[in-house]
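S.K.: Sequence:
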Amino acid sequence: MLPEMLDNNRHPNVKTYNTLIDMYRKEAKVREARAIFDLMRNKGVSPDVITYSTFLDGYCLCGQMDEAKNIMDLMINDGCKPNIVTFNTLINWYCKDGNIGRRANLMVKGGCKPNVFTFNSLINGYCKSRKIDKALALLHEMPLKGLIPNVVTYTTVIDALCAQINEAMELFREMENNEVVPNIIAYNVIIDGMCEVGRIGEAMELFLTLPSKGLHPNSHTYNIIIKGLCKHGFLNEATEILRSMEDNGCPPDACTYNTIIRGFLYGKDVSKALECVTTMRRKGAPADVHTISLFVSLIMDHDVNDSDKALLHNYFEI
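Residue numbering for the sequence shown follows numbering that gives the first Met the number 0, beginning at 0 and increasing consecutively.
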């Protein structure tokens, strides 16, 4: 399209070039995007803030952070002032890349005020680096900057805190007290944290209150609670939850079946595990490598009785 326009002596404008650069960015073709960028400059079309921000994001998507920073420098040298989107793009990718401290002051130096997205990126970076104290400090700094933490902000920190479940639950309550409404992702995180530390009763209680809060458990929610119940030996309760899934409009997936099958296998209840396998096969869900390896190990287990071993042999012969 572009060569045809140029051959017909038609002059693409900055919007046209931006569209082409964005197309190549989405396909992670930064070399082609660079060719368009260089062409527009050679044709006397000045890139705008959208051009630079789009191109910068393309380099970030490809993990070429130094090139992304070079584009930022070129942008400034060309007299095009970065906006909040430009800074947030670069900061977000630096945080994902583990270089939080290195670029956290980029925005301040550029004379641009951080927004909630900026703080969320930095908080996420600190949480992934296990610098929870710094993440919490930023969260509580936000209101001082006139910014209100949102559900993403709180959920990110709660997830990082779940090994310290009391602190995570305290922050969850703080979120509610500050009138930030938890979504299903936030509940999934806190329920998973409770299950991991063995507080199954509280996890189940919270799980059962979800409909009253206007929230519908998704497959991840069910998988979390089923995994928690299986891990702590509540296999009958896990089976009841499994049976309720389809009635609640959320059919079990492969992860659900594999989780409960592993629960039965760890408890050496081979017949119930194989019943689940039959159901899983009928639903077209595959057994994963971990589940299959457990079946194999049980065949070699001296504590498994002969009738169960025969069932296992029959299963593998099917």
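Note that these hints are calculated values from the structure, not bench results. Remember, it's a predicted structure, so these values are computed and weren't measured experimentally. One or more of the hints may lead you astray.
Calculated cross-link-like contacts (lysine-lysine; reagent style DSSO-like; alpha-carbon spacing at most 27 Å) [what the hints assert, rightly or not]: (1) Lys127 - Lys230; (2) Lys28 - Lys42; (3) Lys95 - Lys28; (4) Lys127 - Lys112; (5) Lys112 - Lys144; (6) Lys68 - Lys28; (7) Lys230 - Lys267; (8) Lys95 - Lys42; (9) Lys112 - Lys80; (10) Lys95 - Lys25; (11) Lys212 - Lys282; (12) Lys80 - Lys130; (13) Lys42 - Lys25; (14) Lys68 - Lys95; (15) Lys80 - Lys127; (16) Lys68 - Lys14; (17) Lys267 - Lys212; (18) Lys127 - Lys144; (19) Lys230 - Lys282; (20) Lys130 - Lys95; (21) Lys144 - Lys130; (22) Lys14 - Lys80.
S.K.: Confirm or reject each hint.
M.R.: So, going through the hints one by one against the coordinates:
Our distance criterion of 27 Å between C-alpha atoms is met by Lys127 and Lys230, whose separation comes to about 26 Å. The straight-line distance between the Cα atoms of Lys28 and Lys42 is roughly 22 Å, inside the 27 Å bound, and the hint therefore holds. Restraint check for Lys95 and Lys28: satisfied, since their Cα atoms lie roughly 21 Å apart, inside the 27 Å limit. Between Lys127 and Lys112 the alpha-carbon distance is near 24 Å, which keeps this suggested pair within the 27 Å criterion.
In summary, the hint linking Lys112 to Lys144 is supported, as the alpha carbons are separated by about 9 Å, within the 27 Å threshold. For the proposed pair Lys68 and Lys28, the alpha carbon gap of about 18 Å is at most 27 Å, so the pair holds. The hinted pair formed by Lys230 and Lys267 meets the criterion: a straight-line CA distance of about 13 Å does not exceed 27 Å. For the proposed pair Lys95 and Lys42, the alpha carbon gap of about 36 Å is over 27 Å, so the pair is violated.
At roughly 13 Å between alpha-carbon atoms, Lys112 and Lys80 fall within 27 Å of each other, so this suggested pair holds. The straight-line distance between the Cα atoms of Lys95 and Lys25 is roughly 19 Å, inside the 27 Å bound, and the hint therefore holds. Distance check on the hinted pair: Lys212 and Lys282 sit about 31 Å apart at the alpha-carbon level, beyond 27 Å; violated. Distance restraint check for Lys80 and Lys130: the Cα-Cα separation of roughly 32 Å exceeds the 27 Å cut-off, and the hinted pair is therefore not satisfied.
Note on Lys42 and Lys25: the hinted pairing holds, with a Cα-Cα distance of about 24 Å set against a maximum of 27 Å. Between Lys68 and Lys95 the CA atoms are separated by roughly 15 Å; this keeps the pair inside 27 Å, and the hint holds. Distance check on the hinted pair: Lys80 and Lys127 sit about 31 Å apart at the alpha-carbon level, beyond 27 Å; violated. The hinted pair formed by Lys68 and Lys14 meets the criterion: a straight-line CA distance of about 23 Å does not exceed 27 Å.
Distance hint between Lys267 and Lys212 is unfulfilled; the C-alpha atoms sit about 38 Å from each other, more than 27 Å. With a C-alpha separation of about 24 Å, the suggested pairing of Lys127 with Lys144 holds against the 27 Å cut-off. At roughly 24 Å between alpha-carbon atoms, Lys230 and Lys282 fall within 27 Å of each other, so this suggested pair holds. Taking the CA atoms of Lys130 and Lys95, the gap is about 14 Å. The hint holds against a cut of 27 Å.
For the suggested pair Lys144 and Lys130, the alpha carbons sit about 21 Å apart, so the restraint of at most 27 Å is met. Pair hint Lys14 plus Lys80 holds up; C-alpha atoms about 18 Å apart against a cutoff of 27 Å.
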